[in-house]
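Chemist: With the hints as your guide, set chains B, C and D onto chain A.
Protein chains in written order, with the numbering used here: chain A, 1 to 149; chain B, 150 to 298; chain C, 299 to 447; chain D, 448 to 596.
Worth flagging that the hints you see were computed from the coordinates, not collected in a lab.
Virtual Cβ for every residue (Gly too), placed ideally from N, Cα, C.
One should not assume that every hint holds.
[As the list claims (entries may be wrong)] Ranges of calculated distance between the beta carbons of each label pair, as one might list FRET restraints:
#1 A584/D - N424/C: 31 to 39 Å
#2 N424/C - R279/B: 43 to 51 Å
#3 L114/A - E504/D: 30 to 38 Å
#4 I160/B - Q65/A: 29 to 37 Å
#5 P429/C - H546/D: 43 to 51 Å
#6 S238/B - T534/D: 16 to 24 Å
#7 L9/A - N424/C: 25 to 33 Å
#8 R314/C - R588/D: 55 to 63 Å
[To be verified] Which residues of chain B face chain C? A partial, calculated answer using Cβ under 7 Å:
#9 M181
#10 V190
#11 A230
#12 G278
Take a look at the letters that make up each chain.
Number of protein chains: 4
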Amino acid sequence: MPTAHQARLRIPERARTSRIDYRVPFYDTDAMAVVHHANYVRYLELARVRFLAEHDEPYTRYVEQGYHVVVTRVDIQLKRATRFDETLSVICWLEWVRHASLGFGYQIRCGEELSALAATEHAVVNLSGRPVRMPDARRERLLALFSGE
Amino acid sequence: MPTAHQARLRIPERARTSRIDYRVPFYDTDAMAVVHHANYVRYLELARVRFLAEHDEPYTRYVEQGYHVVVTRVDIQLKRATRFDETLSVICWLEWVRHASLGFGYQIRCGEELSALAATEHAVVNLSGRPVRMPDARRERLLALFSGE
Amino acid sequence: MPTAHQARLRIPERARTSRIDYRVPFYDTDAMAVVHHANYVRYLELARVRFLAEHDEPYTRYVEQGYHVVVTRVDIQLKRATRFDETLSVICWLEWVRHASLGFGYQIRCGEELSALAATEHAVVNLSGRPVRMPDARRERLLALFSGE
Amino acid sequence: MPTAHQARLRIPERARTSRIDYRVPFYDTDAMAVVHHANYVRYLELARVRFLAEHDEPYTRYVEQGYHVVVTRVDIQLKRATRFDETLSVICWLEWVRHASLGFGYQIRCGEELSALAATEHAVVNLSGRPVRMPDARRERLLALFSGE
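In isolation and in its complexed conformation, chain A is listed as follows (with noise of 0.2 Å):
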């Protein structure tokens, strides 16, 4: 496993994982004419929000329960510049899974070339935003979906 927050080019082999596309609208561009830079981070959430819904509960069941998964960390690496109409595919994986922690994975591609490759970590919280282990069945769930490589 890499430490926690690196992230990297190869998708693990055995990891499910879940993609978005996006098609860049004008008002995320800036005035060098491609994407702004903090724009990508929120690309990530689209592909995570997904992942979470594919794989495992739509992220409106977790605030149902009383739980958020917050953001402690962000690690993006930024490859290529993306421009208004071009259409990014956001594939996303869970890296790790902690009691009360858990890691993903990201790459971002303009068709066939890399924009970014990104690292998320998020502590699991209760709706007072307090660190909180998550169910055993819930963890159990998503152990699953990594390969453990």
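Modeler: The following block gives chains B, C and D in isolation, referenced to the frame of chain A:
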């Protein structure tokens, strides 16, 4: 009194006003190298929040008392593009007050030039989002802030 | 024809329309747990860009030909709050076309409910931001898209 | 010198720093009633732009001279949630300078508490986005700003 939503050039003579200065960050620009129009709607909020804090109560006090002041209409006319690092001044005043709603007027200036005119309308709601009459004391305090023009 | 900037409920009968669906991301919500009002202005852009691509030309073609279509006015009425993960539909049509300006109408719906009504006005400018008449061919193509109501 | 991208708690002793204060606007909050994490990446930009203006040259001068300083990596650790109307201070310093790239370090504080630690990496590019060596005069000016620790 103009119709509720109509922006106007002249600040009512006896109205109390508030003003915020805002230096345009790079992240507010778009691929035309000017401020993206949706951001001006955010600048109105900055001025309105300042107005309430200066002339009535901080918005955090509204929330503590169980109220939100939600936006029900925004009408904004954009007169002049603004670029990175220019400083905008947003001037805000109260246009009208009813039992469960109120309206603000705005001018956005960049130096001597007019950048935008705007009007917003608001409903007073409780924390579940239901429209409610505001307490008489608050309404009277707000009524005293505008000129009756 | 309504006055240029007036939002209206009824979509003109013979107008061509375009529609985009938008699932509300977490990052569009605010501390009232609903979509922040400034974001709706962005959703209008998504629908307008789709309209031009479907009925006229992709906006990237406008830019290649030396034109931008800048926003000179936004009038939006918010009818109903929207929450994370709800899906909005934004329907857009052309309201009017002049030599150097045009106007769009919009409805934003969430399922069967009306979330917002809006109207926007635009100037056609060159890449330095100066207003210019649009080419006759484009203007005629655009005129054919609306009903004359 | 730490590896290029690593955030660190201690501000290098002899480094020049810049600081901006930022009062959290309502529009930066999300449905957890705290600042959405992607916004902190924008706050870093505010501090970095201030740093260049105070210690080197305004970023607008970079652009006039044909340069952009693009972001190639952001690593941010979030330590404490921040709420509407709290005031954040972002402190920024230069961590390292090479011929065509540079790195900044950041602390974000809310009163006495640490809100975030961050590091960013940047490439110097020309206005078409190609990496270029920065002029020796600029590089020497930048080198003088950091401590050599």
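Chemist: Taking the hints in turn, state whether each one holds.
Modeler: Structure-based check of each hint:
1. For the pair A584/D and N424/C, the beta carbons lie near 36 Å from each other, so the given range of 31 to 39 Å is met.
2. Remark: the range hint 43 to 51 Å for N424/C to R279/B is upheld by a beta-carbon distance near 49 Å.
3. Distance hint check for L114/A and E504/D: the Cβ-Cβ separation is about 33 Å, which falls inside the suggested range of 30 to 38 Å.
4. Taking the beta carbon of each, I160/B and Q65/A are about 51 Å apart, not inside 29 to 37 Å as hinted.
5. Range check, P429/C to H546/D: Cβ separation about 44 Å, and the 43 to 51 Å hint holds.
6. Separated by about 21 Å at the C-beta atoms, S238/B and T534/D satisfy the suggested range of 16 to 24 Å.
7. A hinted range of 25 to 33 Å for the beta carbons of L9/A and N424/C is inconsistent with their spacing of about 43 Å.
8. Checked against the hint of 55 to 63 Å, the pair R314/C and R588/D passes, with Cβ atoms roughly 57 Å apart.
9. The restraint placing M181/B at the interface with chain C holds, with a minimum CB-CB distance near 6 Å, inside the 7 Å limit.
10. Among the interface hints, the one on V190/B holds; its C-beta lies about 4 Å from the nearest C-beta in chain C, closer than the 7 Å criterion.
11. Satisfaction of the interface hint for A230/B is found here, the shortest Cβ-Cβ separation to chain C being roughly 6 Å, below the 7 Å cut-off.
12. Taking 7 Å as the C-beta cut-off, the interface hint given for G278/B holds, the closest approach to chain C being about 6 Å.
Hints 4 and 7, counting from the list given before, are not met by this structure.
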